[in-house]
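Produce the complete structure using the sequences and hints provided.
From first to last, the protein sequence lines are chains P and L. Going by the numbering used here, 105 is the number at position 105 of the first sequence; the sequence numbering is gapless. Going by the numbering used here, 84 is the number at position 84 of the second sequence; the sequence numbering is gapless.
In case anyone wonders, no lab produced these hints; they're calculated from the structure.
Label pairs and their calculated CB-CB ranges:
#	chain 1	residue 1	chain 2	residue 2	range
1	P	Asp55	L	Val113	47 to 55 Å
2	L	Thr52	P	Gln81	40 to 48 Å
3	L	Gln50	P	Ser85	32 to 40 Å
4	L	Lys15	P	Ala79	42 to 50 Å
5	P	Arg57	L	Leu39	28 to 36 Å
6	L	Val12	P	Lys68	42 to 50 Å
7	L	Gly28	P	Met54	23 to 31 Å
8	P	Pro110	L	Asn62	42 to 50 Å
9	P	Asn67	L	Asn99	14 to 22 Å
10	L	Ser27	P	Gln81	30 to 38 Å
11	L	Leu96	P	Arg57	14 to 22 Å
A short, non-exhaustive set of chain L residues, derived as facing chain P with CB atoms under 7 Å:
#	residue
12	Gly42
13	Pro43
14	Phe45
15	Asp56
16	Leu91
17	Ile98
18	Asn99
19	Glu101
20	Ala102
21	Phe104
22	Gly105
23	Gln106
24	Gly107
Chain P residues, not near chain L, derived (Cβ > 12 Å throughout):
#	residue
25	Gln58
26	Ser85
27	Pro110
For glycine and all other residues, C-beta sits at the position ideal for the given N, C-alpha and C.
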Amino acid sequence: GESVGLHLPTLSVQEGDNSIINCAYSNSASDYFIWYKQESGKGPQFIIDIRSNMDKRQGQRVTVLLNKTVKHLSLQIAATQPGDSAVYFCAETQDDKIIFGKGTRLHILP
Amino acid sequence: GAGVSQTPSNKVTEKGKYVELRCDPISGHTALYWYRQSLGQGPEFLIYFQGTGAADDSGLPNDRFFAVRPEGSVSTLKIQRTERGDSAVYLCASSLMINTEAFFGQGTRLTVV
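If you want it as structure tokens, here you go:
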């Protein structure tokens with residue numbers, strides 16, 4: 001079946017550098033995408049979302065890019081901080097359900 | 001304002017027992033979602049409500065699982081004849097309406113022994 005997935009299970013980034021987390025989706029009918037951050041022992045925390053009529057959206061230190069041609073979503077985190085260490089999930093809506101991928105663990109190097 | 005609240009935070013039960021997990025969504029949110037998350041995996045969709053009705057329950061693994069939301073606010077996920085494979089973190093989320101920002105609770109960690 002169609003599903004949301006992530007390319008890399010673990011990403012290590014130097015503190016202060018920018019992080020880029022990638023996601024591939026396969027359902028071309030999806031029109032709403034969300035990035036979540038999940039810290040150990042906590043529920044997923046909404047970071048940023050984007051609808052299919054946009055290709056870029058910026059928040060505080062985060063940017064989401066959507067490329068519908070190749071069905072690719074990315075999350076950019078500027079000036080990565082130790083507090084950014086977590087698992088990041090991209091998710092898409094399919095028939096009004098939020099479907100999650102497997103996640104990427106972001107590890108911050110001192 | 002309060003976020004999504006889930007109780008209990010931890011539940012240990014014996015195989016074969018019945019359990020209820022409660023979710024208090026954010027006030028005014030019409031959409032409510034239940035997910036199950038196993039260690040190292042992403043949240044797995046179970047069911048979602050739009051108001052009082054279950055709009056999609058296609059993710060419920062079998063008929064031992066059932067969820068209700070009788071007044072369109074609090075929801076209860078019910079698991080009958082629990083099995084060890086039901087052990088997981090059960091997450092609840094709510095949103096103002098479907099296809100908008102969804103907020104998650106901290107989850108209930110269910111352990112079946």
